[in-house]
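In the order they appear, the protein sequences are chains A and V.
Just so we're on the same page, my numbering is the position in the first sequence counted from 1, plus 3.
Just so we're on the same page, my numbering is the position in the second sequence counted from 1, plus 3.
Hints are computed from structural coordinates only; laboratory data are not their basis.
Hints may contain errors.
[Unchecked claim] Quick list of in silico lysine-lysine cross-link-like pairs, DSS-like style, CA-CA up to 27 Å:
hint : chain 1 : residue 1 : chain 2 : residue 2
1    : V       : Lys163    : V       : Lys191
2    : V       : Lys61     : A       : Lys52
3    : V       : Lys199    : A       : Lys8
4    : A       : Lys8      : V       : Lys191
A quick note: this is a predicted structure, and the numbers were derived from the prediction, not measured.
There are 2 protein chains.
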Amino acid sequence: MNYTKFSKRNNFVRPSEIREILKVTERPEIISFAGGLPAPELFPVNELKNVCTEVLTKCGEASLQYSTTEGYIPLREAICKRMEKLSIKTSLDNIIVTTGSQQALDLSGKVFIDECDTIICESPTYLAAISAFKTYLPNFKEIPMDEEGMIMEDLEKALKDNPNAKFIYTIPDFQNPTGRTMSLERRKKLVEIANKFDIVIIEDNPYGAIRFAGEDLPPVKHFDTEGRVIYLSTFSKIFAPGLRLGWICADKSIIQKYIPFKQSADLHTDIFAQMITAKYMEMYDIEEHIQKIKEVYRHRRELMIQCIEKYFPKDIKHTLPDGGLFIWIQLPSNMDASDIFTKAIKNNVAFVAGESFFPNANFKNSFRLNYSNMPDDRIIEGIKRLGEVLKK
Amino acid sequence: MNYTKFSKRNNFVRPSEIREILKVTERPEIISFAGGLPAPELFPVNELKNVCTEVLTKCGEASLQYSTTEGYIPLREAICKRMEKLSIKTSLDNIIVTTGSQQALDLSGKVFIDECDTIICESPTYLAAISAFKTYLPNFKEIPMDEEGMIMEDLEKALKDNPNAKFIYTIPDFQNPTGRTMSLERRKKLVEIANKFDIVIIEDNPYGAIRFAGEDLPPVKHFDTEGRVIYLSTFSKIFAPGLRLGWICADKSIIQKYIPFKQSADLHTDIFAQMITAKYMEMYDIEEHIQKIKEVYRHRRELMIQCIEKYFPKDIKHTLPDGGLFIWIQLPSNMDASDIFTKAIKNNVAFVAGESFFPNANFKNSFRLNYSNMPDDRIIEGIKRLGEVLKK
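Whole structure, please, built from the sequences with the hints as guidance.
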């Protein structure tokens, strides 16, 4: 059968480049800095054995039955506590549990985007947010960044030019893909501008808890006085991505808009996963666990930066992330990262070329490196090999 | 903040009536036939303790890490075997794991529906499929049913009138809400008509494995010679709905269309849930478990029918399901099930009024009863109370 009656959005949402790359990089001889995977040796595997037994013993039937769309109350209570630590005052009505924060992106598309609407994002931005939003056929207006994040003058101009824009999407902490962090001043300014132009901000913050250098900054939502910041986060980077647990924290009036779409998307998120995550936080100290993650990632990031400075040509720039999982490499303007990728794969080392992170796909001279998922010897060897390719 | 820049689809997708009803029916004094919940006392809670320990011991890190969009290979292999038992020949490339079969409905909307497209469904049909599809703003063409399912003459006429219709959605086995089963002749005819009009069929089959009376019928997909039947099913009714595990079985060319949307929806389905489900089927006999479910549901369905025939007025008709979870009640045409509902709640008994199951919401004299989730004494007492309300 050669069926043709598919929806228009099939022309815009395609298998992601990363996914295709990851297939290549599964070959064991390849040192891959391509994915964005946490260090699996840090997962609390043994603790979870106790946790699963406890959940099944204490509330076995409920952990396997249909459950509520908003999420398991003890988990939402624990999320409220995490939000309070970030100086965001919140209650159960402000929280909905999602199937990973990826689902929160998809639901945001559903709640806000009509075909041909404009949405505003950083340039570059998270590749899987681009495909989640593209499903709903918007136009992307990219805002240039510098080391302090989105440039506010450009944002203000974009909003003047697009008064009906639906939302501003930002990843303020250790951004994927650049590793950059939005400065305190810009956070305040961002909320001020959003208030002025009456637009919501979607603050995607999966990495904020993994700060291993510099000083903590309050989330953009902390500065929100009008309930217009929608904060997304996840247990993927601080606990276990395999369980697919994320959350949305927003004004109650906004959460009410998400609920019917969450319900029609998957009824509710796996209640067993929600219960074991809540129980884990009750039985163990997740802050202690996060501390271990930070130490390992700090070390790996420092090692990778040292190697970059040692092995890469001097005209190649890199970011210096204070947390998160990624370093962004800026090549001279005449270089194309896709060409470098082809050569790198022949040298058994991989990364993600930068183009996929630009929704309008118009910058070719950059790429993203991940440092969280790799032991020391492979970081050293991989960056050395990449340096050889770049020097050619 | 009184934000107004939401998408159009917010006007069509609202919190489902069932969800609101379930809140009312959570009050312990109410006997609720409203939900569609499996019997929780049958969940294999103790077996799962062993299974979780085994998965965490043998592949702890992989069970908590990011995984592939298509799903865990051993689970997809087990699904292939289940499909083969249903006389559907299939391979790994034909299967994608979804976050409940609810997600398969949402993804089907993404793959096929553009705004104002026509889609074809039974009248009545599954309420959460209606809201999943409504997200993508189609028109619904409802096809009348009789005791043998969708009436084929009406379907053919609808396809003549709507040559660009995107798909035919059907629940052939023990349909939700009616409990009706499509006859063998109609299954063959349905595929023949779909071939003639070059349209895909979405066969939603969550209940097929729970047949407790009559003879097994092959799924619609069994008669598919051109790869145009997309078969959806789930572990929710045969194992544990809380884990949110469903699947799509379709032609490889169709599965390829679903993958990017699955990826942008939630990257992949909870891998821990996938692994424990696969491991459960390796360590225990799921067929034996399904047999237990069938016996309990057969008994409850027989008891409920007996009570209906004893306590309901004689001019009220009911279906006689050979499996699944639901009985459909047809009231005289001058009665409105919403009025009955209001009175029933005062008498501490609940159901779902039929109107929600008609996408164009134009039939008021029917309602749905669930029998799977209730012990004998509550079935007897609940139907007795309902009979009193109906007699008034």
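Just to be careful, I want the Cα atoms of Lys8(A) and Lys191(V) compared with a cutoff of 27 Å; is the pair within it? Answer holds: Lys8(A) to Lys191(V) is near 23 Å, not above 27 Å.
Quickly compare the C-alpha distance for Lys61(V) and Lys52(A) to 27 Å and report which way the hint goes. 12 Å, holds
Would you mind confirming whether the straight-line C-alpha gap from Lys163(V) to Lys191(V) stays at or under 27 Å? 19 Å, holds
Keeping to a limit of 27 Å between CA atoms, is the pair of Lys199(V) and Lys8(A) held or broken? 15 Å, holds
The earlier numbered hints are all upheld by this structure, with none contradicted.
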